[in-house]
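Here the structure of chain A is known, so what remains is to put chain B in place on it, guided by the hints.
Here is how the chains run, residue by residue.
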Amino acid sequence: MTGRTVLLGATTALLVIVLGGPALAGDTAVRTVAAPWAPPGSGLPLGADALGRDVLARVLAGGRDLALVAGGSALVATVLGAGAGLWTGWSNGSVARGLAAAADLLLAVPLLLLALVAAVALPGPAAVLVGTVLGGAPLTLRVVADVTQASRGAGYVRAALGRGEPAATVLLREVLPAHSALVAADLGMRAVLALQLAAALSVLGFGSAPPAPDWAGMLRDNLVGLPVNPAAVLAPAVALAVLAAALAACARTADGRVAR
Amino acid sequence: MSLRVAGALLRAGALLLAAAVAVFAATAALPADAIAVRSGGRIEGEQLAALRAAAGLDRPVVVRFLDWLGGLLTGDPGASLVSGRPVAELVGQRALVSAVLVVGALVLAVPLAVALARSRGTAAGVLVVAAAALPPVVVGVGLAALLAGGWQLVPPVSLLPAGRPPWSRPALLVLPVLTLALPTAAYAAGQLRGTVADVIARPFVRDAELRGVPGPAVALRYVGPLVAAPALRVLAVSAGALVAGTTVVETLFGMSGLGELLVAAVRTRDVPVVQAVALLAAAVVVAGLLLADLAAAATSSGPARRGRRA
Chain A
47 MTGRTVLLGA TTALLVIVLG GPALAGDTAV RTVAAPWAPP GSGLPLGADA
97 LGRDVLARVL AGGRDLALVA GGSALVATVL GAGAGLWTGW SNGSVARGLA
147 AAADLLLAVP LLLLALVAAV ALPGPAAVLV GTVLGGAPLT LRVVADVTQA
197 SRGAGYVRAA LGRGEPAATV LLREVLPAHS ALVAADLGMR AVLALQLAAA
247 LSVLGFGSAP PAPDWAGMLR DNLVGLPVNP AAVLAPAVAL AVLAAALAAC
297 ARTADGRVAR
Chain B
16 MSLRVAGALL RAGALLLAAA VAVFAATAAL PADAIAVRSG GRIEGEQLAA
66 LRAAAGLDRP VVVRFLDWLG GLLTGDPGAS LVSGRPVAEL VGQRALVSAV
116 LVVGALVLAV PLAVALARSR GTAAGVLVVA AAALPPVVVG VGLAALLAGG
166 WQLVPPVSLL PAGRPPWSRP ALLVLPVLTL ALPTAAYAAG QLRGTVADVI
216 ARPFVRDAEL RGVPGPAVAL RYVGPLVAAP ALRVLAVSAG ALVAGTTVVE
266 TLFGMSGLGE LLVAAVRTRD VPVVQAVALL AAAVVVAGLL LADLAAAATS
316 SGPARRGRRA
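Those protein sequences? They're chains A and B, same order as listed.
Counting from 47, one number per residue, gives the positions in the first sequence under this note's numbering.
Counting from 16, one number per residue, gives the positions in the second sequence under this note's numbering.
This is chain A alone, in the form it adopts within the complex:
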């Protein structure tokens, strides 16, 4: 229990730093202050990047866009998936079965492929959203539909229906809260996958436009300078890894609470 509190607290603090980072870094993140790939020294704790910019400032500033895109996409995917799942599990009609079958098929297609095809017509963040929703919402749908179907005969649901409450109210006020831990865990997993997707698209050149910093873009741009200033590559890599691992750990703890 306390371990969970510590984990949630640390992750929240991490997210605050990531989101507030650009404000902390100011315009030092885009200014040339040293020679390309200058090694760490006084005033530059992590050295400089390919264009002689402060790596520490860029790491501070480079997570917000990724986190916002990933978090937003995950939220949309979970809301759509949970909504469709509630309805599918409740009605269990032929439309619902068709929806579940279509979801089953979408699960097999790699997210990155979906997002790349979408990136032909859409800007990078929108492509991440499309990939996360098409590849993630079906999973949410299936999991939520399963538990909703199982809840239909539960006492609290029958009691609510007996009071004469409409099905939509029962679903939102009774069934959804009963499975909130499951949905929260799902949101966390969607966020991890969306972060992976956003990082991949950013490495492929569909992320934030230069000179705005972004961890994945920093990995790509500074990989060549690895022998000169390893910190320029390792710092954003560690930042991405810590954020992804923290989100995954939170998702697992939330899932553990529903005793699976």
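Keep in mind that the hints were calculated from the coordinates and are not lab data.
In this text, all values refer to a predicted model and were calculated from it rather than measured experimentally.
Backbone N, C-alpha and C define an ideal beta-carbon position, used for all residues, glycine too.
Part of the chain B face toward chain A, derived, beta carbon under 8 Å: (1) Leu30; (2) Ala145; (3) Ala148; (4) Ala160; (5) Ala256; (6) Ala259.
Quick list of the computed label-pair ranges, beta carbon to beta carbon: (7) B/Ser271 to A/Ala172: 22 to 30 Å; (8) B/Ser98 to A/Ile63: 43 to 51 Å; (9) A/Ala258 to B/Arg26: 41 to 49 Å; (10) B/Asp91 to A/Arg50: 54 to 62 Å.
Away from chain B, derived, C-beta distances all over 12 Å, residues of chain A: (11) Val76; (12) Pro91; (13) Leu126; (14) Gln195; (15) Gly208; (16) Ala214.
Relative to the frame of chain A, chain B by itself:
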């Protein structure tokens, strides 16, 4: 049995057709862009219309789709809007590199996933969860820092000499193959270990162990058959993820394979190339699922339980 095989084939065909429709619909939404990209926005009005007509982009969408589908079926996916070269030629030149990467990664990932599938509740299990959460590009960069930077075992960038097969310089394949294989193995192990733990906890497995049946025989004869169907499904999904993963790995390490071709084509809105490569990748996924379905039909009598991705 034969009914299930026919059903699997039918579903694979329908899936492939659906993929073709989806790929075409997503990419044909902006017909003028490839021409606009190629001309750099300098061509306008009648000239632009003439170029679009020459590229066949002024016809109705349905006609273009049927035309494209017919071309695919006869082995002619059209020509690149950017370079004008036949798409089949571009794909043919690069397919070998990507195939070597994907097959190499599978050869490495499958045994690793099997070894890690029993890791639930151990230190290795925590590592599996963390590794599956990492963006693959972080894995790639970490491996590069270790193998190319720290120990200097392999070059950091894998530029293959032109006209030579990819395996002529095995050292260049180490980083890309490992980058593909490790996250995939972690993902597959994470998907399977719940099932494996459930099966191992069954009484007949305990019985066999108590009777003194050796460990490998228990795994093969008692656990294996029950895990086979979900494992094959996970393997198929993993193969699809590997194909998609070549885009990141090839771009990161500078290899010219299909993944890098797809990324370049998306950037220049070279629609025929995007369509062909994306559909090829989709075909690999569908083929994997079909094989998993057929194998499940062959090994079990019950309906195949599908592996979950999360």
